[in-house]
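Novice: Here is how the chains run, residue by residue.
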Amino acid sequence: MWAVAACGTAALVAAAAAGVGTAVLVVLGFPVVACLILTGLILLKTAAAIETLCAALEKPDSAYHFGEGSTLLKPLYTALRRLLEIHREGQHRQRSQDSEMVVRLQLLERQKKDTEAIIYSIRDSVLVTDASDRIIMANAAAERLFGFTLDRDQARRLDEVIRHPDFVRLVGRSIQSRTSHVRQELTFGDPRQPKTYDCIVSCVEDEKNAACGIVAVLHDITREKEISQMKNDFVSHVSHELKTPLASINAYAEMLVDGEAQDAETMQRFCTVIQTQAQRLNRLIEDILNISRIESGLIKVDKETCSVAILAQNAVEMIRSYAMEKSITIKVPAAIIHDQVLADKDMLTQVVINLLSNAVKYTPAGGMVEVDVEVDEVDCCVRLTVGDTGVGIPSDDLPYVFDKFYRVEANKKQAKGTGLGLNLVKQIVETVHGGRVFVTSVPQQGSTFGFTLPLAAERVALNV
Amino acid sequence: MTDRKVLVVDDEIHIVQVVAIKLRNNGFEVVTAENGAEALELVRSQHPDLVITDYQMPVMTGVELIENLRSDAEFVELPVIMLTARGFAIEDDKKARLNVAACLSKPFSPREVLQCVQDVLQQVSA
Chain A
951 MWAVAACGTA ALVAAAAAGV GTAVLVVLGF PVVACLILTG LILLKTAAAI
1001 ETLCAALEKP DSAYHFGEGS TLLKPLYTAL RRLLEIHREG QHRQRSQDSE
1051 MVVRLQLLER QKKDTEAIIY SIRDSVLVTD ASDRIIMANA AAERLFGFTL
1101 DRDQARRLDE VIRHPDFVRL VGRSIQSRTS HVRQELTFGD PRQPKTYDCI
1151 VSCVEDEKNA ACGIVAVLHD ITREKEISQM KNDFVSHVSH ELKTPLASIN
1201 AYAEMLVDGE AQDAETMQRF CTVIQTQAQR LNRLIEDILN ISRIESGLIK
1251 VDKETCSVAI LAQNAVEMIR SYAMEKSITI KVPAAIIHDQ VLADKDMLTQ
1301 VVINLLSNAV KYTPAGGMVE VDVEVDEVDC CVRLTVGDTG VGIPSDDLPY
1351 VFDKFYRVEA NKKQAKGTGL GLNLVKQIVE TVHGGRVFVT SVPQQGSTFG
1401 FTLPLAAERV ALNV
Chain B
53 MTDRKVLVVD DEIHIVQVVA IKLRNNGFEV VTAENGAEAL ELVRSQHPDL
103 VITDYQMPVM TGVELIENLR SDAEFVELPV IMLTARGFAI EDDKKARLNV
153 AACLSKPFSP REVLQCVQDV LQQVSA
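Residue numbers (my numbering), protein chains in the order written: chain A, 951 to 1414; chain B, 53 to 178.
For lysine-lysine, the following BS3-like pairs were computed, each having C-alpha atoms within a straight-line distance of at most 30 Å:
(1) B:147 / A:1181
(2) A:1281 / A:1311
(3) A:1253 / A:1281
(4) B:146 / A:1193
(5) B:146 / B:57
(6) B:146 / A:1175
(7) B:147 / A:1193
(8) A:1181 / B:146
(9) B:57 / A:1193
(10) A:1354 / A:1276
(11) A:1295 / A:1253
(12) B:57 / A:1276
(13) A:1062 / A:1158
Beyond 10 Å from chain B on every Cβ pair, some chain A residues (computed):
(14) 1055
(15) 1125
(16) 1155
(17) 1179
(18) 1242
Short derived list, chain B residues pointing at chain A, Cβ under 7 Å:
(19) 137
(20) 161
(21) 162
Source of the hints: derived by calculation from the structure; they are not laboratory data.
Cβ atoms here follow ideal geometry from the backbone N, Cα and C, with glycine treated the same way.
Bound-form chain B, shown alone (with noise of 0.2 Å):
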């Protein structure tokens, strides 16, 4: 499991940092970008494994940034996170067109981000 990489993304400087913290801290690679069009550019040349994104981010949303990376073949199966302070998150209908593969909500626990994001990547590689 060591040596993935992942794309967080968010606007608020302290959550992206509070997330890589944890994740580098037991043994990712970390990429941030503070929107979703800044985030597309890190995907396209940065390749990460799996991206944990906002919602609500000037620029490009979080779901903007989904939709773009699910109109590429190369990243339809890319694994997204959402880290949302939305109270209703997204439809669970939008969720399963974008395929995003969880939605955790602000307030947010570091420890569940990794676990998910464990989770997520653990699915993707069986």
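Isolated chain A (complex conformation) (with noise of 0.2 Å):
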């Protein structure tokens, strides 16, 4: 024991390094501070300084070093073994547990980011508050919606957040009602271009039945109520297209069932003009039909090689006695060599008259309808125009003439239509025969409507 005071200073030094214990122990004698420092460690539970102490205990030089009848530290030195052991157990436990809570944790997180990923991928604008109403979530839809950028820190209250009135008072409305659910269709954006949106505001329950926040979806249904307002529209006018005829035939009838044809010339007349009413009617019904029939894939096409030159010719003979009425003359297109295209001709034929009496409709009386057919050898394909001396198309509007139900604002006065044909010419030529339709106009001077179609095979094959 001598040995250790006479180098106490050095032994000091050197136990420094190994820890504060082992220097006491050193220092001031094993058998006093032994107790203390055991109970220490358990306290602090210091793996580092039990094993520091148990190596030096070990080392075979070590002053303390349980030679022969050491009966004293060999307890001791068994006891802080264990010690270590059960520290090491218990360091391996907790290690193994952690590990076991950082898997769960990334799992939950990496479920929470996949949750998030969706919510925030989904078209729908999405928002939700807490009970005290503050935003805790909003998908990027919403954000843009509402125009503002989720502050996830400092999560603001929707009134301060949002500033719109109708959404912030249908929220108040879920709240309150505690109904599954409230919705509204409300607009949003600029007033000249508003935008609607179907508003469904659901309250959220915690295992209380509490509320504790609502969940906010909204949908953009622009779109429907466009399309809805377009068949209102359409319905509309159909309906205003298809009583005119029908007004005719039957006054008409009930004129001739009067009595009031007082000759035979008259009696005649009235039933000329029912006949020509009753075709009328059945035109507009057939052209319906038949958008509706090309649309859903339904028509029958039957293609033949024709001449386009001949098919309008043959157009242009139909829609004679309607331009005469109004004193239009029409330029018909000479016949041409090798302008055939594979087509139906009965829908071709509804192209070309289409476009003519739409022509003969908004050209002034006196006016000059001219129908020109030629062959592209470049392209391989056959064009059809037809040019008008008539009202003209606004620039504006040029884009959307061939959309069904589209009728240029500045024309309706200048002759009905149910703004169905030229969409019939487009369904016709593009969708049945791979041709394209085109427009050119200057307002005031005329318009020219056309379509090229691809010439027959066999032509191409002669052109090879």
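Combine the two chains into a complex, taking the hints into account.
Specialist: Structure (structure tokens):
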């Protein structure tokens, strides 16, 4: 033991690195401090210190190495070893629990991110508030719609962030009513071009059925509304169009019944009116049905090789009496060679008639309509154009004239129409025959409508 | 009731003709126009006792025609019958404001038109 005291300073320095416990032990003598240290170690669970102590005891040249007769140190050493083992086991268990916890946390984090990614990628706007009306989640669509950026660190109240009183009121109604959901159509954005949203606000309840917030889902129904409006307009237009010939048929029939046709010639005239108006009614119904059939792919197409110029000449003859009523001259295309296309004759005739009747309809009396057919050898197609000296179409309207139900506002007063004729032209040329329709126009000077169709295959083969 | 003059306005030639024949056959004098602007000129030059007009017409609609008539002191009381294919015709308040005597919807019965013309003219002269 004295040897220990004699080299006290050196031992202190050496032991400093190993730990305070060892140093104190070396200086003050083992028996006195052993119990203190042991208690300290147990309390502190300082594994590193226990390791150091054990190493010091095991060292062969250690002053307190338990050699022969060191009966005091041995049990202490055994106790320390045991303590160390217990500690190591505990540590091991803790580590495995920790790693399990980390894995679980990662999994939860991943699931949370996945859920967020799903909600964020929803096209509809989704917004969630807590029980204090603070926004705790909003996806990208919601941020865009309401024009704010969600502050994740500092949730703000809904009515502070969202400047849409109707929506805020709807949320309030949801919370107050506590019904499963409330629903309202609301408009957003530029008042000149408002967007309509179907807003559904659902109350979120916790396990005790207490309201703990709301989740709002806003679905853009602008397009659906437009289509619905178009359908309403269409029904209104079509019923007006149907009623006009029907009114003539009904009135002239009644006149015949009442004996108002006082001579054979008048009677003949009345009958002719009934007949032509019935045909007009039929044409309108056919137009509607044809568009519907082409769109649904149900139309029977009977393609054969035919000359576009000859077909156009025949179509002009069909429309001539209508043009003569308005003293409009129609210039007929000359027959040309090699202008054959593979087409359904009836459908293509319908296309040319529609273009011609439009030209006549929108051209003032005494005007001129010119039909031209030419073969484009380079692009292997036939081009037909119908030019008029009519009212023309404003450039803003041009991209839409082939749309279903579209009517040029400026020309609405000029003539009646369903907004179906040009759509039918487009459907027949493009959907059924793989061609292209086009239009150019100068307001107050006239318009040129036309189409190109691919040359019939055998003709193309001849060119090659 | 003879020799009363009626102006018939419609862009649909067959409608104008059938109404005109029905009225002429029953002792009326008839003048016709195919839009509101033409009708306005005829009202001023021909001084009809009554006007029958369609609603939807090019150049000037039936309602625009009536508005024009009502803004002229001379024609404030001129009886007007509307003959229209519009399902909803015109709203009641507009009808009252424009002092429209009657609204008939297409398809129509020439018999009813004649009856309506006679009734309206009788009310005016009563």
